[in-house]
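Listed in order, the protein sequences are those of chains C and X.
In this text, residue positions in the first sequence follow my numbering: the first is 30, and each later residue adds one.
In this text, residue positions in the second sequence follow my numbering: the first is 1252, and each later residue adds one.
Beta-carbon label-pair distances, calculated as ranges:
#1 C:Arg-86 <-> X:Glu-1318: 29 to 39 Å
#2 X:Ile-1295 <-> C:Ser-36: 18 to 28 Å
#3 C:Leu-68 <-> X:Ser-1362: 23 to 33 Å
Derived coverage of chain C by chain X (criterion: at least 3 residues anywhere in the stretch with Cβ under 8 Å from a Cβ of chain X; other residues may be distant):
#4 76-87
#5 109-122
It should be emphasised that the hints constitute simulated quantities derived from the structure, not laboratory data.
Just so you know, even glycine gets a beta-carbon here, dropped at the ideal spot from N, CA and C.
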Amino acid sequence: ETGVTQSPTHLIKTRGQQVTLRCSSQSGHNTVSWYQQALGQGPQFIFQYYREEENGRGNFPPRFSGLQFPNYSSELNVNALELDDSALYLCASSSYNSPLHFGNGTRLTVT
Amino acid sequence: GIQVEQSPPDLILQEGANSTLRCNFSDSVNNLQWFHQNPWGQLINLFYIPSGTKQNGRLSATTVATERYSLLYISSSQTTDSGVYFCAVPDVNQAGTALIFGKGTTLSVSS
Chain C
30 ETGVTQSPTH LIKTRGQQVT LRCSSQSGHN TVSWYQQALG QGPQFIFQYY REEENGRGNF
90 PPRFSGLQFP NYSSELNVNA LELDDSALYL CASSSYNSPL HFGNGTRLTV T
Chain X
1252 GIQVEQSPPD LILQEGANST LRCNFSDSVN NLQWFHQNPW GQLINLFYIP SGTKQNGRLS
1312 ATTVATERYS LLYISSSQTT DSGVYFCAVP DVNQAGTALI FGKGTTLSVS S
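Kindly generate the complete structure, drawing on both the sequences and the hints.
Structure below.
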């Protein structure tokens, strides 16, 4: 059974740039969600994708967007990066009524 | 929305000691998860425990849903238990798998 994998592991971007983070879901899981974890805080829900559509969104602006592909993998895109976007971005996959399984995360630094 | 509070915020133990971590939540929930985040950022699902008690090796968890709290017990702690422990409950204002996390308990176990 393949777990949740995320890429890249680390990334450094400049304020105003755009970034794309990638996630492959665990085998058999059809739902992907993304979380942002600032230093010293718990993860915060960004959004969730099911059947290639966003079906839940936390308190994040529209410059945070995503995609889910037919193989259930997913991308998180962030436009017009701000310094406060520096965080660990976690992807999690699940199927109906199952616990979330998280990837190792992508650590984004915005300078 | 629902509030999740964890205590204590920090815990320092000698190897071999036992500990209890607490998670209080402000409203009824239909499930609760405990996670361990290791120093490399990986979030590992420990327990999916809407009610009752579960045990997994040296770890056990109890959720008393009617009183809105959950406890995580770590017995005979080891240095590898170090990291941050989070509890999380479903966000009922969101579809599917959105979780609300507490701020975590940081555990440091020394040899």
